[in-house]
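A.B. asks: Here's the letter readout for the chains.
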Amino acid sequence: MHISEGVLSAPVLIGGGALTAVGTAIGLKKIDYDRIMSVAILTSAFFVASLIHVPLGPGSVHLVLNGLLGVILGWASFPAILIALLLQAIFFQFGGLVVLGVNTFNMAAPAVLCFYLLRPWLVQPKLRPLAGFAGGFLSILLSSLLMALSLALSDTGFLGTARIVVAAHLPVMIIEGFITMFTVSFLARVQPDIMQLKI
Amino acid sequence: MSRPGTTALLLTVQLVIFCLLAGPALAHKVRIFAYAEGDTIIGETAFSGGRAPKDSEIIVKDAASGKILLTTRTDDHGEFSFPIPTEARQKGLDLLIVVNVGEGHRGQWKLTADEYLDQPPTPSPSPATGPTPATSIRVGPDPAAALTAGERDGTPARPEVVAVDETMLRRMMEETLDRKLGPIKRMLAESRDQGPRIQDILGGIGYLIGLAGFLAYFKAKANKGEKK
Numbered sequence: 622m623h624i625s626e627g628v629l630s631a632p633v634l635i636g637g638g639a640l641t642a643v644g645t646a647i648g649l650k651k652i653d654y655d656r657i658m659s660v661a662i663l664t665s666a667f668f669v670a671s672l673i674h675v676p677l678g679p680g681s682v683h684l685v686l687n688g689l690l691g692v693i694l695g696w697a698s699f700p701a702i703l704i705a706l707l708l709q710a711i712f713f714q715f716g717g718l719v720v721l722g723v724n725t726f727n728m729a730a731p732a733v734l735c736f737y738l739l740r741p742w743l744v745q746p747k748l749r750p751l752a753g754f755a756g757g758f759l760s761i762l763l764s765s766l767l768m769a770l771s772l773a774l775s776d777t778g779f780l781g782t783a784r785i786v787v788a789a790h791l792p793v794m795i796i797e798g799f800i801t802m803f804t805v806s807f808l809a810r811v812q813p814d815i816m817q818l819k820i
Numbered sequence: 284m285s286r287p288g289t290t291a292l293l294l295t296v297q298l299v300i301f302c303l304l305a306g307p308a309l310a311h312k313v314r315i316f317a318y319a320e321g322d323t324i325i326g327e328t329a330f331s332g333g334r335a336p337k338d339s340e341i342i343v344k345d346a347a348s349g350k351i352l353l354t355t356r357t358d359d360h361g362e363f364s365f366p367i368p369t370e371a372r373q374k375g376l377d378l379l380i381v382v383n384v385g386e387g388h389r390g391q392w393k394l395t396a397d398e399y400l401d402q403p404p405t406p407s408p409s410p411a412t413g414p415t416p417a418t419s420i421r422v423g424p425d426p427a428a429a430l431t432a433g434e435r436d437g438t439p440a441r442p443e444v445v446a447v448d449e450t451m452l453r454r455m456m457e458e459t460l461d462r463k464l465g466p467i468k469r470m471l472a473e474s475r476d477q478g479p480r481i482q483d484i485l486g487g488i489g490y491l492i493g494l495a496g497f498l499a500y501f502k503a504k505a506n507k508g509e510k511k
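For the protein sequence lines, the chains are E and D, in the order given. Be aware that the first sequence starts at 622, since it is given in our numbering, and climbs by one per residue. Be aware that the second sequence starts at 284, since it is given in our numbering, and climbs by one per residue.
Derived from the structure by calculation, the hints contain no laboratory data. Since this is a predicted model, take the numbers as computed values, not measurements. There may be inaccurate statements among the hints.
[Claimed, not checked] Lysine-lysine pairs mimicking DSSO-like chemistry, simulated, CA-CA at most 30 Å apart:
hint	chain 1	residue 1	chain 2	residue 2
1	D	393	D	463
2	D	463	D	374
3	E	650	D	463
4	D	374	D	350
5	D	393	D	337
6	D	463	E	651
7	D	393	D	374
8	D	393	D	504
9	E	651	E	747
10	E	651	D	504
11	D	337	D	468
12	D	337	D	350
13	D	393	D	350
14	E	651	D	507
15	D	463	D	337
16	D	350	D	507
17	E	650	D	350
18	E	650	D	374
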């Protein structure tokens with residue numbers, strides 16, 4: 622899910638950086654005092670999740686958890702993912718500093734979209750597991766498509782790249798779907814406050 | 284107020300589970316390194332953690348101009364080799380070896396000219412290769428050669444010793460050194476690039492909690508200001 626340095630062209634890098642800056646500004650505005658700790662904890666979860674790998678095909682894929690961040694944090698996913706990716710780039714050399722903007726946008730934009738799409742379902746206890754699964758699944762699918770798009774805008778055709786990237790992430794979509802489903806259901810039962818279900 | 288306490292505990296447990304699962308984590312990035320052996324350049328690629336990117340594209344560029352000199356592919360073990368491009372040898376170009384695994388994953392390794400240029404070409408059946416002619420080993424007393432060899436390394440040359448031409452000797456030593464140092468070079472490259480360590484992971488989480496505290500401090504200050 623992390624695009625390495627030196628793959629993307631300058632317009633894509635600048636575009637991604639600008640979109641991320643806007644998203645982060647909105648996200649920071651939306652974090653109020655009571656939410657700071659949940660944002661930090663979910664950021665940590667995202668930061669660590671990328672270290673869990675699923676060996677697959679010619680390479681390996683890893684958990685992302687952007688869907689989980691999305692349905693719980695909404696716009697705050699942008700600053701959360703930006704900081705987590707920054708730390709991953711510095712500590713693990715995942716991705717890189719120049720591609721930080723694009724990588725953040727690719728993972729945070731689907732998270733925010735999932736927030737708006739799935740929030741109505743999430744509030745209803747019956748639909749909550751479904752919303753959780755859809756959140757995990759959709760966010761990875763959309764992130765893969767965005768990633769393919771960024772690669773395609775830089776060189777090769779979109780469809781071929783998209784097919785490879787989406788196929789590679791299909792197992793992750795399913796795994797993340799289940800992880801998000803269980804986490805969301807669990808948090809709703811144990812810590813409804815963190816989910817902000819009553820607003 | 285027990286809420287933040289329990290939440291923190293719950294998620295800490297989750298994080299610990301993640302950390303344990305991460306165990307021997309495979310970093311999702313590509314490592315590449317290369318070294319010269321004779322007139323071939325040998326290299327290895329791996330996702331750090333061990334898995335090899337099979338049949339991935341290797342692009343060899345001139346580091347200064349970015350001109351592509353040749354392309355090749357990795358084998359099933361993620362290894363590759365190619366002869367030193369003649370253009371690179373003649374001009375003394377620094378090589379930038381790039382592995383492109385696709386899906387946006389890419390790694391690179393810089394091999395400077397002096398790392399491969401001082402290697403004379405390995406002897407081949409055709410005598411026309413390279414500037415240093417491969418001289419044969421002269422057996423038996425050869426006072427002139429023995430003297431030069433003796434002067435070089437400071438040991439008294441004895442005529443009955445097998446006298447070896449200086450360039451030949453140098454080449455043989457370099458070949459042996461290459462062979463012996465290959466694994467060490469590999470070890471160095473691997474240790475330089477280990478996967479995420481637990482310190483890094485915990486450090487990162489520490490940073491995040493610290494940032495949250497920082498933010499909380501300023502937000503709390505702002506709240507106070509509003510109330511006044």
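A.B. asks: If you test the structure against every hint from before, which numbers come out violated?
C.D. replies: Violated hints: 3, 6, 8, 16, 17 and 18; rest satisfied.
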